[in-house]
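Dock chains D and X against the given chain S, drawing on the hints supplied.
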Amino acid sequence: MHLPILFDLLGVFSAAASGALTGIRKGLDLVGILVLGAATGLGGGAVRDVLIGAHPPAFLVDWRYLTTATLAALGVVVVEYRLAAVGPLLRERVRLSTAYLTVDSLTLGFFAVSGTGKALRYGLAPVPAALMGVLTAVGGGVIRDMLVAEVPTVLRREFYAIPAALGSVLVAAVDRYTTALTPLAFAAAGLTAALRMVAA
Amino acid sequence: MHLPILFDLLGVFSAAASGALTGIRKGLDLVGILVLGAATGLGGGAVRDVLIGAHPPAFLVDWRYLTTATLAALGVVVVEYRLAAVGPLLRERVRLSTAYLTVDSLTLGFFAVSGTGKALRYGLAPVPAALMGVLTAVGGGVIRDMLVAEVPTVLRREFYAIPAALGSVLVAAVDRYTTALTPLAFAAAGLTAALRMVAA
Amino acid sequence: MHLPILFDLLGVFSAAASGALTGIRKGLDLVGILVLGAATGLGGGAVRDVLIGAHPPAFLVDWRYLTTATLAALGVVVVEYRLAAVGPLLRERVRLSTAYLTVDSLTLGFFAVSGTGKALRYGLAPVPAALMGVLTAVGGGVIRDMLVAEVPTVLRREFYAIPAALGSVLVAAVDRYTTALTPLAFAAAGLTAALRMVAA
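Chains as they are written, first to last, in the working numbering: chain S, 3 to 202; chain D, 3 to 202; chain X, 3 to 202.
Next comes chain S alone, as it looks inside the complex (with noise of 0.2 angstroms):
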């Protein structure tokens, strides 16, 4: 599976959202909210690339995922300062709160079926690499949650590993088969997101 850096990239951006979304919601300032939208973005696929053996981790070798991360973290501040501008106290709670159920839910997606089709290319078999695609999904979330002080989402929903998993497996599952599994990572992403956000 020469899986397309793409979903990488796409679960950087959403997690690096989530991330500032936090740092929003825990009123950190503006320079908080960028770490913890990049350490957030970066950490699961930096805790991948270690345990799997891919040195340097892709980070700190390919410019876009630093940039990708910065990106997510300004737009969610730029958007919900225009937000805090213009609309009502209560509208934009609930605007935020599901503005992070579906970056969280998106992340969850996107590096369940990039995090094991990577492992699956370091020659990882299925059953581990489907384990990595769940700690790439889940990793930057828990750093999120314990660099705020908070017990780590996964731990508290069912709901949120169990998707993740399904995933993973899915991608495994399916990689000996075929080489055209675009169509399929798509698909698995969107079905682990699905899971998240009508479980939530």
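Everything labelled a hint here was simulated from the structure, so no lab data went into it. Be aware that a few hints might be false.
Identical chains share a label here; the pair holds if one copy fits it or two copies do between them.
Stated by the list, open to error - Heads up, simulated SDA-like pairs for lysine to any residue below, C-alpha to C-alpha not over 20 angstroms straight-line:
hint, residue 1, residue 2
1, K28, F161
2, K28, A101
3, K28, E152
4, K28, E160
5, K28, T100
6, K28, G77
Then chains D and X, alone, in the frame of chain S:
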């Protein structure tokens, strides 16, 4: 020292059990308990393997690691649900804290031995190898406590790092003089666990 | 840039001192203080070494790292117990917070320089090398704060990541033009530490 992998798997088993018991105490759901058990069981060894350059980490190439951690966490859940069904509340609580202390002490002992031994096999000098033994022994528990937003035990109790250090130094000290270390390994693990238990 | 290892060891010393001071403030016992000091002193560099592929990490092959961290933490304990014996309570508190700010600022400066320099020597491009400088500089403090269940300073104060970034970018920017960087390294470290101190 051709250290039996047995010690590493015994450490994984007891550490995963301690993680699952913590998850039960914190009121996590089943998935959260299993995730916390796996993270506690596999975390310390994963950090050790990354630091000493054992790529990929054992839990990604040897299926017995993930299986052992999962079975330990599942076993704890089954036993706990049984006990909750039959026993009075007070007795359960006594059993829960005793069980926790037991598996946590055994974890220290098994991982101090296996961590030091593996580091020596990877060419580290005795002192850093003993340091890796301590890190393996306390690492999973630190990850466990940080995930549930508590200050790790190793920072709060003196007789936690000290038994792990004694067991690790013992293994590192005698390693060069003998290759028939299994009895000594059991003695070092037992000493470490016993010191932790009597000092608790 | 053949960066002197001196900067790395100076960073370890000041970071371990900041960890020990945090341990004293949190009321940890002696073992807890030493463990927190060692984790703070060695943690940032260990993460850097793993990410840039410096195997094994410096603290496992060079005995001066663990020795420096231990001596710094022990020194802090001795000085504090002396001060507690002679001084009035208020003066101690002033001294404690000033000492903490000083060693934390020096840590930022030394590690921004040594982290960026080591990343460059391992072949990273200037931008990711500067990112590694920031990660080395703030990493130990993040580990320290997470271990005592607090939100890390880097998320709560704007003038924490920014001085580290300025020092790191300065080192990364001029590295290609000169090999006699020691005076500049001291200047970059001093600038970083000074910015952190005046902005605190």
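Inset, instruction - Indicate which option fits the pair K28, G77 if close means a Cα-Cα distance not exceeding 20 angstroms: within, between, both or neither. - result: within (17 angstroms within a copy, 37 angstroms between copies)
Inset, instruction - Up to 20 angstroms between alpha-carbons, please classify K28 paired with A101: within, between, both or neither. - result: within (15 angstroms within a copy, 29 angstroms between copies)
Legend entry - Up to 20 angstroms CA-CA - E152 versus K28, copy category: both (11 angstroms within a copy, 13 angstroms between copies)
Inset, instruction - If the cutoff is 20 angstroms on CA atoms, where do K28 and T100 land: within, between, both or neither? Let me know, please. - result: Answer is within; shortest intra-copy Cα gap is 16 angstroms, inter-copy 28 angstroms.
Inset, instruction - Indicate which option fits the pair K28, E160 if close means a Cα-Cα distance not exceeding 20 angstroms: within, between, both or neither. - result: Classified as between; 15 angstroms across copies, 24 angstroms inside a copy.
Inset, instruction - Evaluate K28 and F161 at a C-alpha cut-off of 20 angstroms and name the case that applies: within, between, both or neither. - result: Classified as between; 18 angstroms across copies, 24 angstroms inside a copy.
In this structure, every one of the numbered hints holds.
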